[in-house]
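Q: Here is what each chain is made of, one letter per residue.
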Amino acid sequence: MKTHGSWWALIGALIGTFGGMAHADDAVHAPVFALYTQECGSCHMTYPAGLLPAASWQQIMRGLKTHYGLDASLDETSQLTLNTWLTAQAGSGKYAREAPKDQRITLSAWFLRKHRVGEVPAAVWRRKSVGSPANCVACHADAERGDFNENKVRIPP
Amino acid sequence: MTKLTRIKLRWAHWVVALAALAAPAWALTPADILASYAQAAGQAPQAPRGQQFFDATHGKEWRCSTCHTKQPTAEGTHASTRKAITPLAPSANPKRFTDSAKTEKWFRRNCNDVLGRECTAAEKADVLAWLIGLKP
Chain X
1 MKTHGSWWAL IGALIGTFGG MAHADDAVHA PVFALYTQEC GSCHMTYPAG LLPAASWQQI
61 MRGLKTHYGL DASLDETSQL TLNTWLTAQA GSGKYAREAP KDQRITLSAW FLRKHRVGEV
121 PAAVWRRKSV GSPANCVACH ADAERGDFNE NKVRIPP
Chain H
1 MTKLTRIKLR WAHWVVALAA LAAPAWALTP ADILASYAQA AGQAPQAPRG QQFFDATHGK
61 EWRCSTCHTK QPTAEGTHAS TRKAITPLAP SANPKRFTDS AKTEKWFRRN CNDVLGRECT
121 AAEKADVLAW LIGLKP
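These protein sequence lines are chains X and H, in that order. Residues in the first sequence are numbered from 1 upward in steps of one, following the working numbering. Residues in the second sequence are numbered from 1 upward in steps of one, following the working numbering.
For reference, chain H alone in the conformation it holds in the complex (with noise of 0.2 angstroms):
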């Protein structure tokens, strides 16, 4: 190769190794997020199902459509503090469900509170097909 496709290629790797730094490492998109919690479920999510699971009590007081309305396109309320709460579904609310821990951390915390346990990757992966399928 010539010498000035050599420097060109130096410049190439450098611009394509700091485009690499300046992404995230950590972003992803609710597909991927979905991806894996229908693998660790070991078979296909359901949106329907997810639906179900979502507007249905589980033997607590709330259900998750208590905070986040049964259609979250829309904003939702938290029960008890009122505070208002931006929407869940992805195509209202880009940001939701880019971040794996975040998510993990919100399904821990308010599966214990609707369900009084830990979420199962299959429900988890339910209730995500259902949201990444709602149209704003």
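Pulled out of the complex, with its shape left as it was, chain X reads as follows (with noise of 0.2 angstroms):
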């Protein structure tokens, strides 16, 4: 069924977007669109597209089959509109500096670096609560909008 609902929302998205674009320490870009939190946080939290560069975005939208294990594949409209907005949408400055493996937010340098070991015990990441590192708004609330700071962090019980 073809959508041409995702051709408006991406163009209100974009024009949308232009009016969040205040940056702060600990501010990361998350933009807000429709599609992206229908499709892509309906199984796990949205995160900010400028997490990662645009190279890993559009990895993971070549591989929504095996989207970490599991099939996230979606028709070929709203595919090709989320990878175009989260190219445009992508990381910059130390998001953008590599592509992580597996395209893990997790697993970026700058991400291993905040919640090294002496920061956030291993044992943290086992808790039921908590889940995996993966689950940013366990301990961040305002992850999907984009804010980590530091002062908010609440790692629960």
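If you are wondering where the hints come from, they were derived from the structure by calculation, not from laboratory data. Glycine included, each C-beta is placed from N, C-alpha and C at the ideal position. Be careful, since some hints might not be right.
30 angstroms max Cα-Cα, derived DSS-like pairs, lysine-lysine [to be verified]:
1) Lys83(H) - Lys152(X)
2) Lys95(H) - Lys101(X)
3) Lys60(H) - Lys128(X)
4) Lys95(H) - Lys65(X)
5) Lys65(X) - Lys70(H)
6) Lys60(H) - Lys65(X)
7) Lys8(H) - Lys128(X)
8) Lys70(H) - Lys101(X)
9) Lys105(H) - Lys65(X)
10) Lys83(H) - Lys114(X)
11) Lys102(H) - Lys65(X)
12) Lys128(X) - Lys83(H)
13) Lys94(X) - Lys95(H)
14) Lys101(X) - Lys60(H)
Just a sample of chain X residues kept apart from chain H, beta carbon distances all over 12 angstroms, derived [what the hints assert, rightly or not]:
15) Gly69
16) Gln89
17) Ala96
18) Lys128
19) Val130
20) Ala138
21) Ala141
22) Asn151
Starting from two chains that each stand alone, build the complex the way the hints lay out.
A: Structure follows, in structure tokens:
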């Protein structure tokens, strides 16, 4: 089923995004896009687009049938729309310095440094309330908005 | 007919036309979607078989119930990401199974994850018949 709505959503999102480009420390570019939230936020949190370089997002979009072991495949129009959008909204600076292994945000050099053992004990990742390093919202309540302010971090018991 | 009747009729046509435009073309009921799977399957859906199917493993690690729970009037949890999943049963979540493209998309993905293949129309019909029958 062709969904031309995806194209209008893309246009609207691009217009809307440029209003939200204010940056502060620990603020990651996290534009909102209805199609992204709907398709990429149903199984996991919506990861801010600014957390990965464009090449990584493109790689993810190419491999949706085996997306970290699961089938996340999409219709062609949605896939193209999201690929275009993610490429445009991808990270810059330290977030674009490398393409992490398996396109995993949690294997980026900056992530590993920020969450090193001295900062976050290994056992924390195994807590039921946390689950894995990929579950940003467990400790960063506003992660989906790109807010990773260290003062707001709360590691659940 | 009188002039007044003709005027009233013209207004009525506009009201009906606008109402038809306002109603989404894709708004179906779970019963509609079930009917189309049952027709494709060429057999009557069987809810008990659907429940069995939902809670069984099919050659891989996960069952449907792994994420959606054994009683999908309840909220589920994604087994990998821990993200909450709204209830699957229409009685608990009226938006479920009202969009055929969305229904097909999720069957495609999740049957691939659970069975390693597409579900047949009969399997979809059985599962949907069971889900529709669940009371809140």
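Q: Each hint should be assessed against the structure and marked as holding or not.
A: Now the hints, each set against the structure:
This hinted pair checks out: lysine 83(H) and lysine 152(X) have alpha carbons roughly 21 angstroms apart, not beyond 30 angstroms. At most 30 angstroms may separate the alpha-carbon atoms for a hinted pair to count; lysine 95(H) and lysine 101(X) exceed this at roughly 38 angstroms. Proximity of lysine 60(H) to lysine 128(X) is assessed by CA-CA distance (about 24 angstroms); at most 30 angstroms being required, the pair is judged to hold. Between lysine 95(H) and lysine 65(X) the alpha-carbon distance is near 26 angstroms, which keeps this suggested pair within the 30 angstroms criterion.
A threshold of 30 angstroms between alpha carbons decides the hint, and for lysine 65(X) with lysine 70(H) the separation of about 26 angstroms falls inside it, so the pair holds. Taking the CA atoms of lysine 60(H) and lysine 65(X), the gap is near 16 angstroms; set against the 30 angstroms cutoff, the hint holds. Restraint check: the Cα-Cα separation between lysine 8(H) and lysine 128(X) comes to about 66 angstroms, which exceeds 30 angstroms; the hinted pair is violated. Between the alpha carbons of lysine 70(H) and lysine 101(X) the distance comes to roughly 36 angstroms, so the proposed pair goes past 30 angstroms and is violated.
At roughly 12 angstroms between alpha-carbon atoms, lysine 105(H) and lysine 65(X) fall within 30 angstroms of each other, so this suggested pair holds. In summary, the hint linking lysine 83(H) to lysine 114(X) is supported, as the alpha carbons are separated by about 24 angstroms, within the 30 angstroms threshold. A threshold of 30 angstroms between alpha carbons decides the hint, and for lysine 102(H) with lysine 65(X) the separation of about 17 angstroms falls inside it, so the pair holds. As the CA atoms of lysine 128(X) and lysine 83(H) are separated by approximately 12 angstroms, the hinted pair is consistent with the 30 angstroms bound.
Only pairs whose Cα atoms come within 30 angstroms are accepted, and lysine 94(X) paired with lysine 95(H) is rejected, the gap being roughly 41 angstroms. With a C-alpha separation of about 26 angstroms, the suggested pair lysine 101(X) and lysine 60(H) falls inside the 30 angstroms cut-off, and the hint holds. Not every CB of chain H is more than 12 angstroms from the CB of glycine 69(X) (nearest about 8 angstroms), against its label as outside the interface. Non-interface call for glutamine 89(X) relative to chain H: holds, since the shortest CB-CB distance, roughly 22 angstroms, exceeds 12 angstroms.
Listed as a non-interface residue, alanine 96(X) keeps its Cβ farther than 12 angstroms from every Cβ of chain H; the least gap is roughly 25 angstroms. For lysine 128(X), the non-interface assignment is contradicted: its Cβ lies about 9 angstroms from the closest Cβ of chain H, within the 12 angstroms cut-off. Not every CB of chain H is more than 12 angstroms from the CB of valine 130(X) (nearest about 9 angstroms), against its label as outside the interface. Non-interface call for alanine 138(X) relative to chain H: violated, since the shortest CB-CB distance, roughly 8 angstroms, does not exceed 12 angstroms.
The claim that alanine 141(X) is not at the interface with chain H holds, since no C-beta of that chain comes within 12 angstroms of its own (minimum 15 angstroms). Against chain H, the non-interface label of asparagine 151(X) holds: every CB pair exceeds 12 angstroms, the least being about 25 angstroms.
Checked against the numbered hints given earlier, this structure breaks hints 2, 7, 8, 13, 15, 18, 19, 20; the rest are met.
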